[in-house]
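Protein chains in written order, with my numbering: chain S, 403 to 637; chain X, 787 to 1432.
These are computed hints drawn from the structure, not numbers from a lab.
Each statement offered as a hint is correct.
A short, non-exhaustive set of chain X residues, derived as facing chain S with CB atoms under 8 Å:
| # | residue |
| --- | --- |
| 1 | 973 |
| 2 | 974 |
| 3 | 978 |
| 4 | 980 |
| 5 | 984 |
| 6 | 987 |
For each residue, glycine too, the CB sits at the ideal point set by N, CA and C.
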Amino acid sequence: MNAAPSLKVADLNAWYGESQALHGMGLEVGRGEVVTLLGRNGAGKTTTLRSIMGLLRRKTGTIRFEGEDIAGRLPEAIARRGIAYCPEERGIFASLTVEENLLLPPVIAEGGMSVDDIYALFPNIAERRTSQGTKLSGGEQQMLAIARILRTGATLLLLDEPTEGLAPVIVQQIGAVIRKLKERGFTVLLVEQNFRFAAKLADRHYVVEHGHVIDTLSASDVAANLERIQNYLKV
Amino acid sequence: MMDLIGIPPQLLFGQLLIGLINGVFYAMMSLGVAIIFGMLRIGNFVHGAQYMLGAFGAWYLMHLPELFPGLGLPSLGYWWALALVPFAVGLIGAATERLFIRRVYDLEHAYGLLLTVGLAMVIEGLFNVTYGAAGQQYGVPDSLKGGVNLGFMFLPMYRLWVIFAGILVCVATWYVIERTKLGAYLRAATENPDLVRAFGINVPRMLMLTYAFGVGLAGLAGVMAAPIYQVSPQMGQSIIITIFAVVVIGGMGSIFGAIVTGLMLGMIEGLTKVFWPQASTTVIFVIMAIVLVFRPAGLFGKETVAAHAADISAARPHSILENGRLWIVLLGAGGIVLPFFVYPVFGMKLLCLALFACAYNLIFGYVGLLAFGHAAFYGSSAYIAAFTAASWGFPTELAILSGVAMATLLGALFGWLAIRRQGLYFAMITLALAQLVYFYVIQAPWTHGEDGIQSVPRGYLLGFIELNEPLNMYYFVLAVFLGGFALIYRIVHSPFGQVLKSIRENEPRAISLGYSTDRFKLIAFTLSAGLAGLAGGTKAIVFQIASLADVYFMTSADALLMTLIGGVGTLLGPVVGAVIVVTMQKEFATLGSWVIVVQGAAFVLCVLFLRKGVVGTLESWLSAREERRRQLDAPNARPAPSGAHR
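Hey, can you work out the whole structure from these sequences and the hints?
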């Protein structure tokens, strides 16, 4: 890895009630990198993101962000240090308009994208700014969910399966957006099951199984190891 | 001026105006309740007490020199009160949230309800101890004295000001919540608090401020009410249940609905006073029932997906504590020797309330429906039994059975109306319907108002066993109790009871298995009401009186308290709870007016420290012991995760 580490997770164990979901999870994301977590349903990918964000409280291990241990912090404190989270279910608020949804997350640091830049990146959303948030199509909701965490000045984006359930043409658009985000210097930790999508974007891939990392691949390894990866992900 | 339909316009417009003013207070109060419910999912029963605090706050500021003679403080008038008191009441609200309310967010609604009822009792009880039932006068401020002559009537300036200021406050609140950034945070946090936290917003602090704001609104309403109504410890108590009904009619979670409904219902109440004065106290509850039939979500509410109720039962099916065949024998044996250790009257009170709590547990513990109006069934049965025995000379058994029939009918009707909604909504609806019965009993001629029906003859059992003999009466009550207890045990362990428990644990799943869960809930509710009626009717014969206390909402709260203290959804919990509560009430009887305060404190302490109840705690101790034994037998068992920090 050539970039300075932005996020470093080590020895992470996490529980939902009595059942343990993460068993010694560990990963690193360098500044400006796009890294994916690949794996089957229930492997612990979403749990990893929720633990980093502080939404899962019952956990042990270290999570260092920009050199500081954030494992014991509350979600609001973690967000204010520069991590933004886009959940799998998108979390668009029905009682808010599109624009209110977009402007909801408070700006926590300088350097976020301006609203004009965001509208330029997501023209569909600009057109529908006064609609109710949940009246958007699934793809538009996903765009909005990503768009709203770009304003805040957060440097690390946690994206949970942004392509889930979307049409191929929308998936391509989201791929283009993530590429632009990388150009702008955002660090991205992406959870994906769609390997073909992830392979074109990411610098490195972690394969997750049973709550820990079982394999690590860099972008250049992918072509030579396609069969191995397919084996990890097939049901 | 011409008479309208035989009504002089002065009367009509006068009552409409009074109605509008009441409506302004309803709107301001239900706005606060709606905001707190929407954001915190708490049915804020303290709201009435906080409104009363506002009025007393204004009165205190006015009387500062007399209250603290040595300090040379000035007497601060109305405008000072208007500026300072809502803020102070809001601060008290913030402290209340921090100390108490925050602890019950993640718990079943019943705990929040009992906690806020307890807090209201403590606050109102303390003021009652200090000031008694008499109201304090608070004058209209000089700047708002006088009035406007509208030709057909005289409109006092102060009332004009209340209408103007109250509506302004409501509209401003609506604007802040629906149209501003702050409001957007609130609405978003209502939908998905975790995600809003993950955006960097301190949601717990926001919840505290929201609660403080809602409470501050109640304080403001209290200040504005001080010159119109008397400043008395009871002023909040009489308004809070009406407010809950207004919120139900307006539609839960609808800010706009709360405001419009509040104003509208105040006016309708005023009109009713003109055309049919006797009905004016009940009209709001009748409207609520009608609205529920046609628009279960309320006039302005959106249909919401029912939150999955938490399973709060503490019972384990194969525990020795759930073995009904064993316990009915033990309880029977205990019951037979009991009168040799305590007064039979005390024993009978205990048995009646234990049966009442068991009946309540059937619906709350086994079906998971938070009913909060069982006083209606207990009380109406008591009144019918007392009336038929005293006035119509019914034999004892028939009088009690008439009471049971009445309670069962009411139960079927109220159940039919209420099971359309779940959770806290269900609680508010049953409460409001019970309040309808309460107001009816106050006004109907045959119930004798405050006096109740007294000197009810105990009569003869089967025509020849003299029930005036204390032990005869006692053993009759014991038999009734054991019969009811056995019936409940039988119901719960029948296939029907299994379906009830499946509804409690996962209603959508029960529906998907093909059960018409609404029908099961209605039958269980009706059975529970009938059994509560059995307890109430028996009580009326034992104590030879049916009184307003039997139909008052505190009786419903007692049923909930007994069930929670004992252990929800356990076989023995309600009985144990009844023993504790009845003993407590007997010990506290010497405290005079402090009894409300102490009882309220017991509610609060029970919610904070004894959530599983006595039987529930015992049960988890037994199950932990069993678990330890199992682990000793199987030393290779996987160890529980340790060292996890929260």
